[in-house]
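Visitor: Letter by letter, the chains look like this.
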Amino acid sequence: MELYKTSIPKLDEFLDGGIRPKTITVFWATPGIENTPFAYQLMMESLERGDYCVYITQSKKSSTVEKEIEHYGWNATQYRKVGTLKFIDAYSGLINADSADEFYIKDARNPKAITEMLEKALEGIADKNKIVIFDSLSTLIDHCGEESLEELSKWKKLFEKYNAAGVFLFIEWPYDSKVLNKIKLMADAIVCLKAIEEKVILREYFTISKVAWNGKNEGVGIPFKISVPGGVKVYIPKLLVTGPYNAGKSSFVHSASTGAVSVDRLGTTIALDHGHVDYAGFSVDLFGTPGQERFDPILGLLGGEALGVIVVIDSADPDSFVRAKEMMERSKSVGLPCVVAANKANVKGSLSPEDIRKKMRLPKDIPIIPVSADSVPSKEKGKEPAKLNEEDLHNVFDVLFKTLM
Amino acid sequence: MMVEETTGAPGAVGITQEPVAPEAAESPAGAPQSSPDATEGTPETQGTAKPIPLNIEGIENIIGEGFPIGSCVLLITPPMIEANLFCMEFIYRGILNKEPGMIITMDHSPEDMKIKALKYGWNMSRGEQAKILKWVDGYSINANKDVKSTDTIKRISGSIALSDLTIGMSQIQREYHQVSDHYRFIFDSLSTLFIYNDATTIYRFLRVIVSKLRASGGVGFFTLGEKMHDQQIEMTLRHMMDGTIELTDDLTLKAQSLPLPTPRKEGKLELTSRGFKVVG
Chain A
1 MELYKTSIPK
11 LDEFLDGGIR
21 PKTITVFWAT
31 PGIENTPFAY
41 QLMMESLERG
51 DYCVYITQSK
61 KSSTVEKEIE
71 HYGWNATQYR
81 KVGTLKFIDA
91 YSGLINADSA
101 DEFYIKDARN
111 PKAITEMLEK
121 ALEGIADKNK
131 IVIFDSLSTL
141 IDHCGEESLE
151 ELSKWKKLFE
161 KYNAAGVFLF
171 IEWPYDSKVL
181 NKIKLMADAI
191 VCLKAIEEKV
201 ILREYFTISK
211 VAWNGKNEGV
221 GIPFKISVPG
231 GVKVYIPKLL
241 VTGPYNAGKS
251 SFVHSASTGA
261 VSVDRLGTTI
271 ALDHGHVDYA
281 GFSVDLFGTP
291 GQERFDPILG
301 LLGGEALGVI
311 VVIDSADPDS
321 FVRAKEMMER
331 SKSVGLPCVV
341 AANKANVKGS
351 LSPEDIRKKM
361 RLPKDIPIIP
371 VSADSVPSKE
381 KGKEPAKLNE
391 EDLHNVFDVL
401 FKTLM
Chain B
406 MMVEETTGAP
416 GAVGITQEPV
426 APEAAESPAG
436 APQSSPDATE
446 GTPETQGTAK
456 PIPLNIEGIE
466 NIIGEGFPIG
476 SCVLLITPPM
486 IEANLFCMEF
496 IYRGILNKEP
506 GMIITMDHSP
516 EDMKIKALKY
526 GWNMSRGEQA
536 KILKWVDGYS
546 INANKDVKST
556 DTIKRISGSI
566 ALSDLTIGMS
576 QIQREYHQVS
586 DHYRFIFDSL
596 STLFIYNDAT
606 TIYRFLRVIV
616 SKLRASGGVG
626 FFTLGEKMHD
636 QQIEMTLRHM
646 MDGTIELTDD
656 LTLKAQSLPL
666 PTPRKEGKLE
676 LTSRGFKVVG
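Heads up: the protein sequence lines correspond to chains A and B, in order.
1 is the number of the first residue of the first sequence in my numbering; add one for each residue after it.
406 is the number of the first residue of the second sequence in my numbering; add one for each residue after it.
Honestly, the hints are just simulated from the structure, not real lab data.
Built from N, CA and C at the ideal position, the CB exists for glycine as well.
Among the hints, a few may not be true.
[Stated by the list, open to error] Restraint-style ranges between C-beta atoms, simulated for each label pair:
1. Gly300/A with Arg579/B: 24 to 34 Å
2. Glu326/A with Lys536/B: 18 to 28 Å
3. Thr555/B with Gly83/A: 29 to 39 Å
4. Lys536/B with Thr77/A: 29 to 39 Å
5. Lys521/B with Lys161/A: 54 to 64 Å
6. Asp655/B with Glu147/A: 46 to 56 Å
7. Lys521/B with Ile95/A: 19 to 29 Å
8. Asn549/B with Thr77/A: 12 to 22 Å
9. Gly83/A with Lys553/B: 19 to 29 Å
[To be verified] Taking lysine-lysine pairs in the DSS-like style, the calculated list, with each CA pair at most 27 Å apart, reads:
10. Lys120/A with Lys22/A
11. Lys559/B with Lys67/A
12. Lys524/B with Lys536/B
13. Lys553/B with Lys225/A
[What the hints assert, rightly or not] Which chain B residues stay away from chain A? Per the calculated CB distances, all over 12 Å, these:
14. Gly463
15. Gly471
16. Met485
17. Arg498
18. Asn502
19. Asp517
20. Tyr525
21. Asn528
22. Gln534
23. Gln578
24. Met633
25. Asp655
26. Thr667
27. Lys670
28. Ser678
My request is simple: use the sequences and hints to build the entire structure.
Guide: If you want it as structure tokens, here you go:
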């Protein structure tokens with residue numbers, strides 16, 4: 001059976017690999033939270049592997065949808081041109097505007113007209129793998145009435161007949177509970193996009209309230225960020241990078257990040273390094289500690305609320321390993337998901353990961369990843385951090401993300 | 406941010422454990438932190454800080470010191486009166502005081518509004534440069550203008566895109582939350598929303614955004630065209646807001662049940678080359 005991946009870490013896992021044909025998945029958002037990037041990302045993933053997509057737009061023009069997708073760094077227009085992406089315009093009719101789209105519903109307040117057009121669009125691609133995105137259920141209720149939800153059972157039959165996967169966007173305005181219950185009953189899967197909100201929205205997260213095909217009902221919320229460009233990323237607000245003096249923490253933060261900053265003096269960090277990483281579907285803020293003992297009193301402060309830790313050590317300086325363990329304790333990172341980045345692995349006299357594990361008496365569940373520098377700044381430059389090998393850095397993050405998730 | 410064991414997956418950790426009751430986990434609608442009413446302002450949360458003056462010349466003689474933080478006021482004007490000029494002066498005077506401003510415009514492009522403001526000496530770009538003036542533009546895309554969102558202007562696709570409108574406003578509220586305990590806003594106009602949406606849809610939308618505006622420290626106006634809507638709609642909107650100001654054809658300003666007591670019920674305004682002022 002064909003699965004449609006969202007390409008969002010953890011969400012595909014919740015969905016047991018992705019969205020199923022002949023089902024309806026609802027991206028159910030609190031007002032103020034974007035759900036369209038989830039649909040765009042899923043759609044682009046499917047289009048890129050050669051599947052078809054029918055996008056029913058009832059909230060904006062199809063050209064606006066294309067521009068929005070482009071804004072996130074994807075090119076939907078190329079798929080529209082070759083015919084694998086088809087728009088059904090159920091919007092222009094609502095504002096009494098004309099449309100140049102192939103599938104244009106003039107009577108957009110009539111849900112039966114949408115059903116007829118949907119069938120027409122699906123007939124033409126009956127033998128293809130396809131998803132149908134409906135943007136949005138809220139607009140349907142607002143403009144076609146609550147009774148229009150009855151029409152969705154016909155859409156579901158169409159999805160079954162044409163082996164299509166339905167993805168519906170929904171904003172939870174203060175509707176009657178009967179309306180909400182109808183949608184819950186109709187949906188095979190519900191991905192809830194919620195907010196931690198005080199005076200304003202502070203953080204957004206997704207969670208699963210229903211997956212009919214695996215019975216999951218996860219209470220775990222996964223924070224996310226929407227990057228432009230980039231789309232939906234799982235957000236890790238704080239990863240700590242710690243380790244002894246001169247082990248290469250600043251080099252790690254600067255090499256891994258875009259636009260990292262350091263509070264340093266004479267080439268050594270005296271307060272913190274900060275950087276941001278977008279990699280493998282994750283969006284991460286890195287906080288690097290200073291290594292000198294005179295800064296130990298602030299380590300606990302810097303380590304507070306970290307979700308994971310990268311301990312950078314100098315593989316060729318075993319005498320500093322005791323200090324590395326001490327720093328883990330002082331920064332309150334013992335017990336957090338942890339990876340040891342064994343830096344200077346290509347330096348003469350460096351120890352192997354096995355020897356480091358023995359020396360540091362590390363348990364087997366803490367991975368040790370060798371890391372080397374591609375370039376080391378000349379002594380004249382002095383203050384610039386070394387450039388660490390990108391593949392090595394990715395190995396560190398891959399292992400840590402796996403542990404975190 | 407909590408790190409707790411996930412259910413049914415020994416050894417695995419999730420990033421957050423959703424802080425909702427079991428029944429709410431089954432029901433997305435039941436999540437308390439997502440409820441539109443959860444952040445709704447109350448008389449207790451409003452009015453604890455000093456009121457925000459409108460800074461329009463002499464207006465304190467009619468409406469008093471100003472509006473408490475979290476006040477949403479309905480501004481009703483006849484079609485011939487340019488309510489957005491009154492509103493823009495309100496925003497501009499705030500910018501001069503380094504108070505952030507948010508303009509939601511459904512009838513004009515921000516570019517046209519800025520040109521119009523310049524005629525009165527109000528350089529709105531000054532606020533944009535200082536990052537204390539942001540726009541949600543619900544007009545330009547539907548008017549087929551070839552425009553894109555910028556750092557200061559979020560373009561949305563029009564009066565039906567209520568979700569995008571809320572997202573644009575929420576993003577600005579989040580930014581202003583970092584720098585100030587309040588901001589000024591104008592929503593111009595509700596009448597345009599009523600052209601494309603039915604009343605129930607707009608009430609639902611307002612329930613959400615008015616509570617967000619109150620909670621996030623917004624102070625400002627929703628404009629409404631006089632006699633453009635049936636009385637029931639106007640009454641409902643008056644009820645949803647914290648007060649009403651009417652501006653008549655002859656520029657008489659009538660204050661009606663505003664959040665704080667007013668020295669007078671009405672007064673006469675004049676539009677000069679530098680803006681509005683109270684003349685009687």
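Visitor: Each of the hints needs a verdict: does it hold here or not?
Guide: Consistency of the hints with the structure:
1. For the pair Gly300/A and Arg579/B, the supplied restraint of 24 to 34 Å holds, since their beta-carbon distance comes to about 29 Å.
2. Between Glu326/A and Lys536/B the C-beta distance comes to about 43 Å, which lies outside the given range of 18 to 28 Å.
3. Checked against the hint of 29 to 39 Å, the pair Thr555/B and Gly83/A passes, with Cβ atoms roughly 33 Å apart.
4. Checked against the hint of 29 to 39 Å, the pair Lys536/B and Thr77/A passes, with Cβ atoms roughly 33 Å apart.
5. Distance hint for Lys521/B and Lys161/A: a CB-CB separation of about 55 Å, consistent with the stated range 54 to 64 Å.
6. Taken as a hint, the range 46 to 56 Å holds for the pair Asp655/B and Glu147/A, whose Cβ atoms sit roughly 47 Å apart.
7. Distance hint for Lys521/B and Ile95/A: a CB-CB separation of about 25 Å, consistent with the stated range 19 to 29 Å.
8. Checked against the hint of 12 to 22 Å, the C-beta distance between Asn549/B and Thr77/A comes to roughly 18 Å, which is consistent with it.
9. Between Gly83/A and Lys553/B, the C-beta spacing of about 27 Å keeps the proposed range 19 to 29 Å intact.
10. Simply put, Lys120/A and Lys22/A have alpha-carbon atoms about 17 Å apart, close enough for the 27 Å limit, and the pair holds.
11. Pair hint Lys559/B plus Lys67/A holds up; C-alpha atoms about 13 Å apart against a cutoff of 27 Å.
12. At roughly 22 Å between alpha-carbon atoms, Lys524/B and Lys536/B fall within 27 Å of each other, so this suggested pair holds.
13. Restraint check: the Cα-Cα separation between Lys553/B and Lys225/A comes to about 21 Å, which is no more than 27 Å; the hinted pair holds.
14. Under the 12 Å C-beta cut-off, the non-interface status given to Gly463/B relative to chain A holds; the minimum distance is some 33 Å.
15. Every Cβ of chain A is farther than 12 Å from the Cβ of Gly471/B; the closest lies at roughly 20 Å, confirming the non-interface assignment.
16. The claim that Met485/B is not at the interface with chain A holds, since no C-beta of that chain comes within 12 Å of its own (minimum 25 Å).
17. No beta-carbon of chain A comes within 12 Å of the beta-carbon of Arg498/B; the shortest separation is about 24 Å.
18. The Cβ of Asn502/B lies farther than 12 Å from every Cβ of chain A, with a closest approach of about 21 Å, so its non-interface assignment holds.
19. Against chain A, the non-interface label of Asp517/B holds: every CB pair exceeds 12 Å, the least being about 20 Å.
20. The beta carbon of Tyr525/B is kept farther than 12 Å from every beta carbon of chain A, the shortest such distance being approximately 32 Å.
21. For Asn528/B, the condition that its CB be more than 12 Å from all CB atoms of chain A holds, with the nearest at approximately 28 Å.
22. Interface exclusion of Gln534/B from chain A stands, the closest Cβ pair being 22 Å apart, more than 12 Å.
23. At roughly 5 Å, the least C-beta separation between Gln578/B and chain A is not larger than 12 Å, which violates its mark as non-interface.
24. The claim that Met633/B is not at the interface with chain A holds, since no C-beta of that chain comes within 12 Å of its own (minimum 18 Å).
25. With a least beta-carbon separation of about 35 Å from chain A, Asp655/B lies farther than 12 Å from that chain, consistent with its non-interface assignment.
26. Listed as outside the interface, Thr667/B is consistent with that label: its C-beta sits roughly 28 Å from the nearest C-beta of chain A, beyond the 12 Å cut-off.
27. The Cβ of Lys670/B lies farther than 12 Å from every Cβ of chain A, with a closest approach of about 33 Å, so its non-interface assignment holds.
28. Here Ser678/B stays apart from chain A, with its beta-carbon at least about 38 Å from theirs, past the 12 Å limit.
Of the numbered hints listed earlier, those contradicted by the structure are 2 and 23.
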